Amino acid sequence: MIAQLTKNERQVALLILLALAVVGIAMAAGGRHDPFGAHGALVLLAAIVGSFAVISGYYAPEPPESRLDSYYDDPSKAGIILAMIWAVIAMFVGDWVAWLLVNPNLTFDAGWASFGRLRPVHTSGVIFGFGGNALIATSYYVMQRTSRARMPDQLTPWFVLLGYNLFCVIAATGYLMGVTQSKEYAEPEWYADIWLVIVWVAYFVLYLRTLARRKEPHIYVANWYYLAFILVVAMLHIVNNLAVPISWGSAKSYSLFSGVQDAMTEWWYGHNAVAFFLTSGFLGMLYYYMPKRAGRPIYSYRMSIISFWGITFFYMWAGSHHLHYTALPQWVQSLGMTFSVMLLIPSWVSAGNALMTLNGAWHKVRDDAVLRFMMVAAVFYGLTTFEGSFMAIRPVNSLSHYTDWTVGHVHAGALGWVAMITFGAIYASVPWLWKREAMYSARLVEAHFWLAVGGTVIYVFAMWNSGIIQGLMWRTYNESGTLAYSFVDSLVAMHPYYIARAVGGLFFLLGAVIGLYNIWMTIRTAPQAAPETAADRPVLAGGAVLQAGE
Amino acid sequence: MTLDHDILVWFSKSFGLFYLLAMSLVVLVYAYWPSNKKPFEHAAQAILQDDDKPYRG
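Protein chains in written order, with the working numbering: chain A, -4 to 545; chain P, 665 to 721.
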């Protein structure tokens, strides 16, 4: 890894690590016994390990000029492995908290093992650890190919990838120590937030610099989605995390916003995190890997552009549907509701576009579990966006809100759409990146596929049942006009569904473990007469490609 | 205070409508502009080519 950096880059890397070490020491000294101090030690440790790595390779010969004849893929490889490791850890924690809801005694009387601390480890771990690493890894891959240009340097991609993972580790360890600013999906405290801004700006600039070097006149639509993901997440992250720390030596900070403004800012952030992190970025993935794997161009390129702007314009306004029947002004709620319903159009155009791309290649979907992952992802994308628009309607929301229906909806999206498209993209890229004929075991990919689909279906059906029962029990009145059921009655009713959910989650976790093993074995198996080009060739080369429906 | 709640509501209800309509129009015109058809089709096809090397000209 260090041998691929130029002399100059190695020096810059050492300077960055030195600066990081100084920050770590300052944090450790200023924080003392506060968790802030522990995080300072962690930052220092990361800087020391990084420095050793750079120094040990410092006198390696400079990379040859011929490196410029190939794409720079090592950060993508590392990102994919990191994504799978995060997937296994974070899904394990997810299933753990699922069993914790079945049996709340499983906390061993330890603060770190309480639901409130473990749950954000799960959510941040899957969204940022698994999803984020997969997005960074695939975006590096896609932006270079679609631009036909190598990344401008070797250091920035590593800075972004490793810096991002440092953020993820600080976030997860912080939760276990009780560090949180109590904003859902934005739990990390101020210092982690500042670090993420630095990393994220470097990511954005790297993307633009690569695009500026492109040899293709038109920027392929997948890049638009990836760029929207990077740009808007930066915007959301900065605004929602505006806060004042109580001192330079403390992890605790207070948000700039309070009351209903705080709630609105948080859900403007929260729903757009769903939109631009969990949708836009992964649509970028879909628009590259699905046509590539199917060997067919996207069904309608125009529709991909129109739905891009539809998603971008509409999502921005949808967040207030999280605050129906609250102190938020009624018209703001209605605005969010209306835009959420309108979102169905660009969402279904995207899902339809993906499925129409496969139309004519169904035999490949049948035979190839990797393509099937992507197909199922598109189906779940369509289902979940329909469900989301529906749940945003105020009277529907009065039944669904605060119940497990929401949890089911989120997981239909996260497991069915985000994770499926990611696994599909990862299984497609691993043989391409490591120059292998195919994955180590096609049967294990098949096993992963069915565990993932089975787990998702069990999970989502359990939560639909549980959520609707909960919602109905909470609004059932008896003749005297009081509530017919106590809250504990509804908890007892949910118990069997919680067991089912934990079993579904276990299936999904097992699939991810199998996936990690399969990827690891693919990498370890020596290449058999390594093919220069990507594993799956399109059926037709040149201009005579069928344009279904166009 | 001139910038009160009512004015903001009026602004977002009127201006918001028109600028979203205008942006939609711009996007539709761009997507369906006849001379854009070729680059779009080229872009859609180009990712399927398999020479896995950056172009250095």
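Hints are computed from structural coordinates only; laboratory data are not their basis.
What you are looking at is a predicted structure, and each value in this text was computed from that prediction instead of being measured.
Watch out, some of these pointers could steer you wrong.
[Claimed, not checked] Capping the alpha-carbon separation at 20 Å, the derived lysine to aspartate or glutamate pairs in DMTMM-like fashion look like this:
1) A:K72 x P:D670
2) A:K359 x A:D257
3) A:K247 x A:D148
4) A:K430 x A:E211
5) A:K210 x P:D715
6) A:K430 x P:E705
7) P:K701 x A:E182
8) A:K210 x P:D670
9) P:K717 x A:D148
10) P:K717 x A:E474
11) P:K717 x A:E441
12) A:K359 x P:D714
13) A:K178 x P:D716
14) A:K430 x P:D716
15) P:K717 x A:E211
16) P:K717 x A:E432
17) A:K178 x P:D714
18) A:K210 x P:D668
19) A:K247 x A:E211
20) P:K702 x A:E211
21) A:K247 x A:D64
22) P:K717 x A:E182
*List, from low to high, the hint numbers that the structure doesn't satisfy.*
Result: hints 1, 2, 3, 4, 6, 7, 8, 10, 11, 13, 17, 18, 19, 21, 22 break, sorted rising.
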